[in-house]
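Visitor: According to numbering that gives the first Met the number 0, the sequence shown is numbered sequentially starting from 0.
Watch out, some of these pointers could steer you wrong.
What the hints assert, rightly or not - Heads up, simulated BS3-like pairs for lysine-lysine below, C-alpha to C-alpha not over 30 Å straight-line:
#1 K127 x K322
#2 K17 x K501
#3 K127 x K53
#4 K127 x K145
#5 K145 x K229
#6 K131 x K53
#7 K502 x K412
#8 K322 x K417
#9 K53 x K266
#10 K417 x K229
#11 K412 x K229
#12 K131 x K145
#13 K502 x K17
#14 K53 x K502
#15 K229 x K131
#16 K229 x K127
#17 K53 x K501
#18 K229 x K266
#19 K412 x K131
Keep in mind that the hints were calculated from the coordinates and are not lab data.
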Amino acid sequence: MNWKIVWILLTFGGMIRKIICVNAVLIALLAAAFLVFPSLRVLADLRDDSLRGKGTPQAAWRLWRNLTPRYAAWARARAASNRAEQLSTNDVSGTEWPLFGSVFYLWGVENLQTAWEAGDHQGGGEPKGFAKDAIIAASELVVDPKQAAWVRNFYGEGYLHRDDLFYRMLVIAALASRERLLHDGVHTGLLREQVESLAQELDGSPSGLLEDYPGECYPGDVMAGVMAIKRADAVLGTDHSHLVNRELRAFTGERATRHGLPPYRAKAGTGLPASDARGCANAYMCLTAPELWPGPAAEWYAIYDRLFWQERLGAAGYREYAKGAPHSNWAMDVDAGPVLAGYGVAASAFGVGAARKNGRFDRAYPLTAELLATAVELPNGMLAVPRLLSNLSEAPLLGEAAILWQLSIQPEKGFAIKQGGRLPAYVYFVLIGMFLVGSWRILESVWTFRSARREEVEVWVPALQAVLWVGLLLGAIAAAVTSRTLLGLVLLLGAVLLPIEKKKRPPKGAEDWPEPAPVDKPADGKSPQ
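Throw the hints in and build the complete structure from the sequences for me.
Guide: What follows is the structure, given as structure tokens:
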């Protein structure tokens, strides 16, 4: 029996050394993938002239090619499930984001198709051909009645015929993009019916506004609905220019805020503001309005830029609340995302598209540089941080789809181009920090690997730790195979934290300075001379 115990200890002793060596390799690979590679990728992207002026950045084409097959697979799986019917109407990100993200993706592909038709073939094949499956899957997801379960709970089976502005806008936008790209005529009947009914309802509204949900009206969504109608005209051969011109009434005069900007929220009946202007809404409207009303749009962007742009703490971006607004530096909500030192995450992210649409590349360049530095693009093309900030269970690709749309937006025709802008210190700090930390972890892993092969390591309960390590590693592999990326990373991180070593105690007398040798004193007590 004693020999068996000795054999087990010796076996797991060798196993522990192997675990340490494998973990050293894994840590080096993780550091290269999550720190070194992303920082070098951004440095290469920052040399792209399309970040500073007209044109589609290479980062947008690359994101599109990496995202497209994943989006097609995710949208099909989402449509095949009953998940949407199980969600509460209060779950905004779970109900809205899967469909909003699909429209973002379709708008992004539309922009890339326009660029390709203008001669920009950086992405290789024609976008509408490569992305055909994703275009169909995304548009079918938006019009699927199961996905509209939350608005059907509000409006019943008449959800497509009164108010319900947000969802109806998404339906029109998705189907107009699909028809413009594929010309397959599959849903033109539904598209035409929705365009006509929504246009009539907006035209008949005393304020020009409609409610997204009962008691909730967001002018930014109304403006997007008007834009969707105008774009649908181009594929249906209809003409709602009179409505488009008339709808300006919903955002000006007494229906604007004290700063002259459209409000974040309004009262649909009167059109009067129910809140002040906010960054997340203004960025969205400033990239929508130029193709509807160029003159007012330019004025709105100028006001927005003056009141919401800030440069502080080494960063640059748009605030969620206007300068001087009380208690506005730290907040969090589903539309704005985190508000950090005044900076709105959504306001600054959508500010990329707003700046590009208005020809303000002096704003777009620093915003895009910060966005790319923060996104952490992995070797497989996934953007790690946007993925984490999305709803991982319901809409994991929302962030990447939104970035694709933002980076592919081009200046509105007739708008002056203003170049310039400089890299904020934040970009240098993030990129240099990621590269140095990643390089340090790789070098440390090399040292750990070499020392583990030479020295015996004492650990607590080696057999248990070895079994646990194998279980965590197998779980990480299984999670990766089943596309549960976050779970796989958590399990992998748990594995590389093992084994837990015993703390080595220094020899007695070595805890501090060496103890002085004792001195023998004479019998008379006097010190020796």
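Visitor: List, from low to high, the hint numbers that the structure doesn't satisfy.
Guide: 1, 7, 9, 14, 17
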